[in-house]
Amino acid sequence: MEAATRGKAPAERARAGKQLPLWLFRVSALTAGMAMFFPPANPGRISGKINQAASLFTTGISRDTVTNSMGRILRSQWIQDGEITALMIACVVVMLGVILCASGAAMSLGNHRMRRVGLALPLAGAPVMAGGLLLIRRSFERMTAHGAEVDKLDKLELAMPGGYTAFWVLAGILLVTSLAAFLVTGRTPERGMKMEMEEKYRLFLMMLPVILLAFIFCYLPIWGWRYALFDYTPGGGIGPENYVGLKWFRFLFTDPATSADLIRVLRNTLVMSGLGIATSWLPIAFAVLLAEVRSTKFQRFVQTFTTIPNFISWVLVYAIALSIFSTDGFINSFLTNVLHQTGANTNYLQSADHTWLKMLLWGTWKGVGWSAIIYIAGIAGIDQQLYEAARVDGANRFRCIWHITIPGLMPTYMVMLLMSIAGILSNGMEQYLVFSNAVNKDVIEVLDLYVYNIGIGKSQQISLSTVVGVSKSLVGITLLFLANGISKTIRGESII
Amino acid sequence: MRKRETSPKTHIHRTVGDRVFDIAIILFFSLFTLICVFPFYYLLINTISDNDLVTSGYVNFYPMLKNASGNGVFGIQISNYIALQNVQDLGSSIMVTVARTILGTALMVLTSAWAGYLVTKQKMWKRSFWYRFLVITMYFNAGLVPWYMNMLMMGLTDNFLAYIIPGMVAPYNIILVKTYIESIPASLEESAVIDGATTSRVWAKIILPLSVPILATIAIFGAVGNWNSFQDSLLLMNNRPDLYTLQHRLYIYLNSSSNLGAMMSQGGQISEQAAQGLLNQRVIRYTVSMVSIIPILLVYPFMQRYFVKGIMLGAVKG
Numbered sequence: 001m002e003a004a005t006r007g008k009a010p011a012e013r014a015r016a017g018k019q020l021p022l023w024l025f026r027v028s029a030l031t032a033g034m035a036m037f038f039p040p041a042n043p044g045r046i047s048g049k050i051n052q053a054a055s056l057f058t059t060g061i062s063r064d065t066v067t068n069s070m071g072r073i074l075r076s077q078w079i080q081d082g083e084i085t086a087l088m089i090a091c092v093v094v095m096l097g098v099i100l101c102a103s104g105a106a107m108s109l110g111n112h113r114m115r116r117v118g119l120a121l122p123l124a125g126a127p128v129m130a131g132g133l134l135l136i137r138r139s140f141e142r143m144t145a146h147g148a149e150v151d152k153l154d155k156l157e158l159a160m161p162g163g164y165t166a167f168w169v170l171a172g173i174l175l176v177t178s179l180a181a182f183l184v185t186g187r188t189p190e191r192g193m194k195m196e197m198e199e200k201y202r203l204f205l206m207m208l209p210v211i212l213l214a215f216i217f218c219y220l221p222i223w224g225w226r227y228a229l230f231d232y233t234p235g236g237g238i239g240p241e242n243y244v245g246l247k248w249f250r251f252l253f254t255d256p257a258t259s260a261d262l263i264r265v266l267r268n269t270l271v272m273s274g275l276g277i278a279t280s281w282l283p284i285a286f287a288v289l290l291a292e293v294r295s296t297k298f299q300r301f302v303q304t305f306t307t308i309p310n311f312i313s314w315v316l317v318y319a320i321a322l323s324i325f326s327t328d329g330f331i332n333s334f335l336t337n338v339l340h341q342t343g344a345n346t347n348y349l350q351s352a353d354h355t356w357l358k359m360l361l362w363g364t365w366k367g368v369g370w371s372a373i374i375y376i377a378g379i380a381g382i383d384q385q386l387y388e389a390a391r392v393d394g395a396n397r398f399r400c401i402w403h404i405t406i407p408g409l410m411p412t413y414m415v416m417l418l419m420s421i422a423g424i425l426s427n428g429m430e431q432y433l434v435f436s437n438a439v440n441k442d443v444i445e446v447l448d449l450y451v452y453n454i455g456i457g458k459s460q461q462i463s464l465s466t467v468v469g470v471s472k473s474l475v476g477i478t479l480l481f482l483a484n485g486i487s488k489t490i491r492g493e494s495i496i
Numbered sequence: 497m498r499k500r501e502t503s504p505k506t507h508i509h510r511t512v513g514d515r516v517f518d519i520a521i522i523l524f525f526s527l528f529t530l531i532c533v534f535p536f537y538y539l540l541i542n543t544i545s546d547n548d549l550v551t552s553g554y555v556n557f558y559p560m561l562k563n564a565s566g567n568g569v570f571g572i573q574i575s576n577y578i579a580l581q582n583v584q585d586l587g588s589s590i591m592v593t594v595a596r597t598i599l600g601t602a603l604m605v606l607t608s609a610w611a612g613y614l615v616t617k618q619k620m621w622k623r624s625f626w627y628r629f630l631v632i633t634m635y636f637n638a639g640l641v642p643w644y645m646n647m648l649m650m651g652l653t654d655n656f657l658a659y660i661i662p663g664m665v666a667p668y669n670i671i672l673v674k675t676y677i678e679s680i681p682a683s684l685e686e687s688a689v690i691d692g693a694t695t696s697r698v699w700a701k702i703i704l705p706l707s708v709p710i711l712a713t714i715a716i717f718g719a720v721g722n723w724n725s726f727q728d729s730l731l732l733m734n735n736r737p738d739l740y741t742l743q744h745r746l747y748i749y750l751n752s753s754s755n756l757g758a759m760m761s762q763g764g765q766i767s768e769q770a771a772q773g774l775l776n777q778r779v780i781r782y783t784v785s786m787v788s789i790i791p792i793l794l795v796y797p798f799m800q801r802y803f804v805k806g807i808m809l810g811a812v813k814g
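These protein sequence lines map, in sequence, to chains E and P.
When the letters of the first sequence are read in order and numbered with my numbering, they come out as residues 1 to 496.
When the letters of the second sequence are read in order and numbered with my numbering, they come out as residues 497 to 814.
Hints should not be assumed to be uniformly reliable.
Claimed, not checked - Some chain P residues near chain E, calculated using beta-carbon distances under 10 Å:
no., residue
1, Tyr-577
2, Asn-646
3, Met-649
4, Leu-731
5, Gln-743
These aren't lab readings, by the way, just hints derived from the structure by calculation.
Even glycine gets a Cβ: it sits at the ideal position worked out from N, Cα and C.
Please construct the entire structure, taking both the sequences and the accompanying hints into account.
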């Protein structure tokens, strides 16, 4: 790095220095753009009665969201309808300013002329933002005045939100950085230059919305890991006063009840994943045997019907389980009415016996036909000449299977196996959630279900369940890299 | 499935052991197929039979109605399906599920097609970084609770958009589309570019029509996923029962110990007969289950064509 910088010509270094305000401007424009959709940064939430989940964008466009918990306040005219409208308009003005700045940032990726225009936009956009913010301030003051007049100020929970300050800061930064970048960029060298953008940036800008969506829904949740370090209660906030450091991580090991739970769910998780891995050869057997059936029609028939269960949800699998195995299900009706047994009313689902095995069987029932497809396709892709040659050498069909088909499927199987080892802690929660009941809950609760139960389902121990989840994610990613490393060593190919 | 060539095995002399083995595997597969199909059949016949016979467990192998003397004879009726309109909350959950299946799938397919096309563009600024940025999300997630807190922060709880927006970016499908588009001859695109078409125009006029097979594949799998969705409804819609998906609603029906007849709407609209029939919670469960299975079975024949494509292409890394 250092050598590279030192090696650069001074002119180039100077240009890099000139780029700094430009980059600051782009980053802050991006931040402002995202902040529009980010409820905690909403500058328009000037009352505690405005929906906490409303972002600047929603506040600007959706009156319902703004007012949905203000019923009495509006009916009694503690806040007048017109004031809500004024607030919404103020929010739209702020948004316009942000949009101007963001478009400017996008245009700043273009050629000299386009960049200059792009950098000029925030010179208008930032003041528009400021104007909108002043309008919000004005709304706040008018609401306060009116609230004091009707003596209901305490009911209105009026307060300037943190997002208000944040947006002032953003507007300031946008103005300063764009101005600096504008001055540094200088005049367009030639007259009549067209506004153009290099293709690489154009393509990037087209991709940007997708990248932002992925960021918001897949990367931003990592920000939620911070709850692991706080004593968070739902509805409360987090701050220095409830910062507890690694307390919850220690709690996992020091609290006897929690560690006992953890050991129990880890046992369930590992046993069920282990059973799944131990039977992961079943789809291969299914595919190999099916390929031995000589009638293509029969093969297609079997494939058609054995893949159906894969496409129904676990809730429906449970519905089916109820219809077959519950007190009034098929098994009991059959015993009673066809075999004329008396007293056949066992509810096979309300039992903790062999739960792990039953879960494995349901998983197999649902998945084996589908998992076999990849191997069936694999078998179809094996060179038929290999079989012919083996025949000539006197091999029977079992030898053909053993020496040609199975080795041919091994590479695929190895990938599947490594992936399932990497996912050993993630069995998903749906299957176990639907099948769990008071009787079997101790043996059916896997890690994913446990996280759900303690975090969202039964209790709301956000911090504790975050700690468990974070540990799980870290172990999972380590296992994935391990599996990938093993695959690289053995097969010379990575799996991710 | 691709038809296999007739293997040379057929031409050789078959031993007794071979024949026994053949019969054994045919028996095995017949049995397994029966186990896969029978539960669906059993549900179906129990929804189209006489409800009294269902309750006393007589309907096991074929649909039955009562004859004049009250005995069960072969016959079907569909009054249970008609009576479903009186089950509270079912209508809204069907609407929600249909809406999310259509909207969610359409947006997911468009996003995948767009992103899948763009990531084939070598010229994009930091292309491989952004591609990896998307792909990594398949292997890593922050965990359930942080995800939930994030959705809460974004205002996507108790909000229909939570069904649509997060599902738009599906990395696996983006990889599928990318792999497919890479197999389209580049000359088609180049000729359009020479004629002055912009990137988005090339995408709309050339790439989209040519990648219909792969888009159909991801659309069908996406639609099934949306139709089967349960977890997001369970986690995010705590205060909006009217936004529960069909599977969530079914889950509630399956778990309610109280008589589901209580869920029937009050006030004279239901005929006495239908009300009595539907007071039977078992039949409601079966019928609602059938309602949520039927659409899957309907698209199933179309899906089959795309199975191998869907499962194999993903194995090809980008």
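Consistency of the hints with the structure:
1. Tyr-577: Nearest chain E Cβ about 16 Å off; hint violated.
2. Asn-646: Constraint on P/Asn-646 satisfied, holds at 4 Å.
3. Met-649: holds (6 Å)
4. Leu-731: holds (6 Å)
5. Gln-743: holds (5 Å)
Of the numbered hints stated above, the single one contradicted by the structure is hint 1.
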